[in-house]
Every structure is written in C-alpha cells, then in structure tokens.
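Enquirer: Listed below, chain by chain, are the residues.
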Amino acid sequence: MGFVSSYSLPDGPNTKSSSVAGAGKTKLVSNIIDQFFNRPHDEALAYFYCNRNEESRRHPENVLRSFVKQLSISRDEQAVQASLADIYKAKQRTGFASARLTSEEAESLLPKLMQAYTRTTLVLDALDECHEDSRSSLIEAFSRLIQMSLQVRILVSSRRDQDIKLQLEKEANVGIEATDNHDDIRKYVLARIDEDRQRRRIPLSDKLREQIVQSLLDKSQGM
Amino acid sequence: MLTGNAPPTRKRDRLRRLLGGSSAVGPHGADHPVPTSHRADRDLGGDFLNKALQLLSEQERTTIREHVLSTAGDIDSVLLGAYSAAEDKQKLCENKRWTFTFRGHTVKLRDEADKVIRWLNRFGRVGDIAVNMDPIHTALPWAGIRFLLEVQTITSPSIFSVIVFLPDTLQVAVSESRQMGALLIGLKTAFYTINRLKVYLDFVCDLPEAPARANFESSLTELHALILQFLAKAIRIYQKNVLSRAFDSFWKHDEVINFETECCKIGARVEIEARNCDRSLSKLQQEDAARHGEGLRKLTKELKNLQETKDSIDKMETGIAMLWNSLVEDKQAAILEWTSDIPYLDNHLTARKGRTEGTGEWIFHHARYEEWETSHQPMILWLHGIRKFLLSPRWPKH
Numbered sequence: 001m002g003f004v005s006s007y008s009l010p011d012g013p014n015t016k017s018s019s020v021a022g023a024g025k026t027k028l029v030s031n032i033i034d035q036f037f038n039r040p041h042d043e044a045l046a047y048f049y050c051n052r053n054e055e056s057r058r059h060p061e062n063v064l065r066s067f068v069k070q071l072s073i074s075r076d077e078q079a080v081q082a083s084l085a086d087i088y089k090a091k092q093r094t095g096f097a098s099a100r101l102t103s104e105e106a107e108s109l110l111p112k113l114m115q116a117y118t119r120t121t122l123v124l125d126a127l128d129e130c131h132e133d134s135r136s137s138l139i140e141a142f143s144r145l146i147q148m149s150l151q152v153r154i155l156v157s158s159r160r161d162q163d164i165k166l167q168l169e170k171e172a173n174v175g176i177e178a179t180d181n182h183d184d185i186r187k188y189v190l191a192r193i194d195e196d197r198q199r200r201r202i203p204l205s206d207k208l209r210e211q212i213v214q215s216l217l218d219k220s221q222g223m
Numbered sequence: 001m002l003t004g005n006a007p008p009t010r011k012r013d014r015l016r017r018l019l020g021g022s023s024a025v026g027p028h029g030a031d032h033p034v035p036t037s038h039r040a041d042r043d044l045g046g047d048f049l050n051k052a053l054q055l056l057s058e059q060e061r062t063t064i065r066e067h068v069l070s071t072a073g074d075i076d077s078v079l080l081g082a083y084s085a086a087e088d089k090q091k092l093c094e095n096k097r098w099t100f101t102f103r104g105h106t107v108k109l110r111d112e113a114d115k116v117i118r119w120l121n122r123f124g125r126v127g128d129i130a131v132n133m134d135p136i137h138t139a140l141p142w143a144g145i146r147f148l149l150e151v152q153t154i155t156s157p158s159i160f161s162v163i164v165f166l167p168d169t170l171q172v173a174v175s176e177s178r179q180m181g182a183l184l185i186g187l188k189t190a191f192y193t194i195n196r197l198k199v200y201l202d203f204v205c206d207l208p209e210a211p212a213r214a215n216f217e218s219s220l221t222e223l224h225a226l227i228l229q230f231l232a233k234a235i236r237i238y239q240k241n242v243l244s245r246a247f248d249s250f251w252k253h254d255e256v257i258n259f260e261t262e263c264c265k266i267g268a269r270v271e272i273e274a275r276n277c278d279r280s281l282s283k284l285q286q287e288d289a290a291r292h293g294e295g296l297r298k299l300t301k302e303l304k305n306l307q308e309t310k311d312s313i314d315k316m317e318t319g320i321a322m323l324w325n326s327l328v329e330d331k332q333a334a335i336l337e338w339t340s341d342i343p344y345l346d347n348h349l350t351a352r353k354g355r356t357e358g359t360g361e362w363i364f365h366h367a368r369y370e371e372w373e374t375s376h377q378p379m380i381l382w383l384h385g386i387r388k389f390l391l392s393p394r395w396p397k398h
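The listed protein sequences correspond, in order, to chains A and B. The letter at position 196 of the first sequence is residue 196 when you use my numbering, and the numbering goes up by one with no holes. The letter at position 42 of the second sequence is residue 42 when you use my numbering, and the numbering goes up by one with no holes.
Since the hints were derived computationally from the structure, they do not count as laboratory data. Note that CB positions come from ideal geometry on N, CA and C, so glycine has one too. There's no promise every hint is true.
Per label pair, the in silico range of CB-to-CB distance [what the hints assert, rightly or not]:
#1 A:L208 - B:K108: 38 to 46 Å
#2 B:K353 - A:L190: 51 to 59 Å
#3 B:Q377 - A:D133: 50 to 58 Å
#4 A:L150 - B:T261: 45 to 53 Å
Just a few of them, taken from the derived set where beta-carbon distance is under 8 Å, the chain B residues facing chain A [stated by the list, open to error]:
#5 Y83
#6 T101
#7 F102
#8 H105
#9 T106
#10 N215
#11 I272
#12 I342
#13 N347
#14 A351
#15 I363
#16 P378
#17 L383
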C-alpha cells in the first residue's frame, strides 16, 4: 500500500479515474464489441453500456428499446423493420404516439427482428449499474430469448452482486472469472510508468519499474 | 462485319410510310450514296431525323447534319470509339475524384461516367446495329457524341500545361470538373430520353391512321428535336474550345437542368398523346381495340422496363422520387428516435477511449469465450469478477 502511494502517478486528469484503462471490464467489453463490428454482413449486433451516473442508462426498458432500435436498422439501408413500424402506427392511431415502447413490446419485438438475421449478438455492459429493483427483469428477458432457441448469443458483464450472481449462475451457460489478465495489468502499469517517466527529472530505474509492476500484480491478486 | 441484309419488316415499312411524307432524301442528300442494303433503313431514320431537324435553327441543323452517320458500319465503329472514350473519362474522373453539385446533391463524376457507359452499352448491344439498323441509331449525331466524349480527354494534358501559367489555377480545375459534370449528366439524360423515344416509335408505327396519331407523332418529333438541340449546342461549344484552346465558354449548369426539365415536360406530353391515341382508336375500331390495347400494354411494359433500367443505372434520381424517399427516411428516423434516443455508438466510443494498446486481447483466447463465440446454440456468457484496478488512494485494504 505504502509502496503504491509513494510511487503513485502524479494526479493528472488521466489518473483520477477509479476504473482504469486496460483493466476495467468496460474496456474489455468495448474491445469485444469492436471485434463484432467486423461481423458477417448477415449477422446483427446490439449493445448497451449501463452507467450508474446517467439515469437513462440505468433502466432495463431502455436497454431493450435500444436493442430494438439497433436491430431495426437493417443491414442494407436504414429501413425500419415492419414489425416496429406497425407498433408505432398502431400507437399513433390510438392517439398514443407519444407513449413509449413498453418493455413487453420491446421484448416481443426482439425475436421478430432477429429473424431478419442469421445470428444476433447482444452485449450488455455493467448490469450491476442498472437499478437494483428492476434489473432482474433483464436477466429474465434474456433467459426467455435463449429458451426460444433463436440464433442468439448474449454477453453480460457485471460485478458479482448477490442478486445478479444468484440469477446469472442459474441462467448463464458460461461464465468467465477473469484471472488471466495479469498481462493486461502489466501492460497498463508499464504504459503509465513510461508516461510518468517522461515528466520526471530523475528517471525511474528499470529495476524500480519492475518492482512497481510486480508489487501491483501481487496486490491485485484476489480482488 | 456488317451484313444489314435483313429485309425490312412490315413494321419498318409502316414506319417508313409514316415518316416519309416530307422528304425521301437522307440528311446528306443524294450525293452521299450508301450501300443499297442499308438504304431503306437509313432513309427511315433519316426521315424521322428530317422532321425533327425542321424544328431546329439553321446553325443547329448544320451541326447535326455534319455528325449524323449514314451506315451501320460507321455507327458501329463510332459507338465503339464513344464507349472507350467514356471509359477514359471515367478513369479521369476517378483519378481526380471529381464531384459536382447538381440539384442540391453532390454527385461523383466517376459514377456519372459509369451511367453514360451503361447507356452506351445498351445502344451498342453486339450485332444489334448491324442487323436491326434502328431508325433511332440513324437519327442521332453519333459522330458528335463520340467527339464530345473524346475531346476533353484529349485536351486534358494541354489543360495541365496551361494551368502552370494561369494565376487562377483552382478556377480552371473547378471549371473543368464542372464542364465534365454538365456533359456527363446531359448525355445521360439524352440517352435515356432517346431510349424512351424508341419505345414510343415502335408503338406509333403499329397504329392506324387517325388524327390522334398525328398529335402523338408531333410530340415525338418535338422530343427528338429537343435532344438534337442539346447535342448540337454541346458539340458547338466543344468545337470552339478545341479550336481556341480556351475554356471560357463553358455551358452553364442551368442549361443541363433546363434540358432535363424540358425532357420531363415533353415526355409527359408524349405520354398523354399516346393515351389519347389509344382511346380514340378504341372508339373507331371495335375489333382492333383489343389488339391496340395489347399494344398499349406492351408500350407501358417496355417503358416500365426502361424506367427500371434507368433507376438501376441512375440511383440518384432527382425530383419527386428523391422527395418521396426523403419523406420515407424522415418517417423512419422519427420511428427510430421514438424507440430509443440513447446514443449507443457515442457510449461505445467513450467506453473504448483510452484503451491501452494490446490489452484485453486475452479474452479472445479464453476457452469459455471461444465456446460462446463459436457456438451455434443460444448462449449467455457472464463476464464477472474482473478486478477493478484502482490507483491510490482508493487502493483497497486487504
């Protein structure tokens, strides 16, 4: 601890963040999404980053609505898929054009929209940043989608909060507990030390640099 | 390579009778003998041409006459030349990445050249000209069209040498691309209109004599004259440029727009006259009504095919179609915005910002990730428990 603070990086704008570049799961998820941008033409991708600091990004229905929107933009042109347009028109006719798409409607639309693609990938980042009282409904919705045996794969990243843990352990087919990211931590720490080095009058020795990295790796164990 | 021995069809005879009223002499007069086998066809096109030429000014008439070809062989080789010149132009436009603003849209000149090439292709279907010497082929100043396509490619190098001495370099370059844009769009419009004309001509020569037919014919002649006028003007401007090596007399953007608008206007009139013809025929000849109804259906079908060809060639349709599309797009955008207004892409870009190069790659080699990624079974992957790596002073106690 003391070791880290004595060699802590200077308090610049880049070093204040609590979730650190290269090691946070959001970065990891963004990396995965980037990979899916190169998917085959006939496959679909929809993703959502929850964020506890933005109210609109904490609501499960907003996650589903965003998925509907992304899947409605067909792969060739900006054609809104008919099933969504139908709901919109129906709402407009009954004078509810301003009413939002409900969670139930969004969930019922998703399988219809997915039929336009050979495979669909849904990615949800930071489920734990969703409202606690309603986030379980998302896992339930995902679970129903999976049971419809659609060509869909879903990736959820989330802290192991108790409620999520209980549910996801039941529903998720596979889970990854990341213990393999030592290399990432090393890369990140080295990058930051090198950044810092350039600002120092007396450069850090390679030995000290290695010591810092090792110490951080050791201490990060079991977090 | 050219045979042209096909006997004139019945239709052609009729067309000939139809068009042959005013003059039996071709555009070059009797002192330009042509092989007998082509004579009938040439005269046919020539007569059709003469009617349209009556509507032109003396100067325009002369220009067109100079560039009309009399034999299928000539037309064949000129078309080939025009085709390869158009290809050169396409390359030029591609290399220079020229764009052009037309009716509020930015068009890539390379694409416009591509459309011209595709229309030329349609005219010059292998063997088409030689065997079915079409009146429409003889009724166009093909030599002039080739000239238009060739001239700018030829003079391009000299423009470059001129540029060095001109203070207003950019102006010259901009003007050159504008000139090219106007030419390509103009030619494209002319080619499409000519193809329409051809379909109408096929229809008209199957019609019996009637006053309505005369109106129809005169609207066709008017449309033909419009195309010729445009081409004559273009040819004259380019001839002047080649002679003077000066590029001061560019035709204006507006002229191409006017040409396009006029084509639409007269084209609409032709359409009305065609329908009038059909109506009056039905009244006159009950027994023929069915047959002519068939003719009109065929006409409509062919025009529709042509329109589809045009649409596929020219996806940048202007005017009403454009407006319609943008309305549909607006509606779609409204539905999408109503569905969700969360800027997911922005959020993604924010999330990936500052990612350290080379990190996060391990996940792609993780067995469970690979299992999820490659599986064709529906599957949820839960990514959890990744250490949040915190910097001091929030480094957790342990």
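Enquirer: Against chain A, with CB atoms and a cut of 8 Å, does the hint on A351 of chain B hold up?
Expert: holds (4 Å)
Enquirer: Close enough to count: is the Cβ of Y83 of chain B nearer than 8 Å to one in chain A?
Expert: Violated. Min distance 31 Å.
Enquirer: Does the Cβ distance between K353 of chain B and L190 of chain A fall inside 51 to 59 Å?
Expert: For K353 of chain B and L190 of chain A the Cβ distance comes to about 20 Å; the hint is violated.
Enquirer: Would the hint on H105 of chain B be counted as holding, given a Cβ-Cβ threshold of 8 Å to chain A?
Expert: violated (17 Å)
Enquirer: Against chain A, is I342 of chain B within 8 Å by beta-carbon distance?
Expert: holds (5 Å)
Enquirer: For the hint on I363 of chain B, does the least C-beta distance to chain A fall short of 8 Å?
Expert: Holds. Min distance 6 Å.
Enquirer: So, I272 of chain B near chain A? Judge it on the closest CB pair being under 8 Å.
Expert: Violated: closest Cβ of chain A sits about 35 Å from I272 of chain B, beyond 8 Å.
Enquirer: Does the CB of N215 of chain B sit less than 8 Å away from some CB of chain A?
Expert: Violated - the Cβ of N215 of chain B stays beyond 8 Å from chain A, reaching only about 43 Å at its closest.
Enquirer: For the pair Q377 of chain B and D133 of chain A, does the Cβ-Cβ distance stay inside 50 to 58 Å?
Expert: For Q377 of chain B and D133 of chain A the Cβ distance comes to about 32 Å; the hint is violated.
Enquirer: For the pair L208 of chain A and K108 of chain B, does the Cβ-Cβ distance stay inside 38 to 46 Å?
Expert: Given a distance of about 58 Å, which is not inside 38 to 46 Å, the answer is violated.
Enquirer: Holds or violated: T101 of chain B as interface residue toward chain A, Cβ cutoff 8 Å?
Expert: violated (23 Å)
Enquirer: Would the hint on N347 of chain B stand, with a C-beta cut-off of 8 Å toward chain A?
Expert: Result: holds, 5 Å to nearest chain A Cβ.
Consistency with the previously given hints fails for numbers 1, 2, 3, 5, 6, 7, 8, 9, 10 and 11, ordered from lowest to highest.
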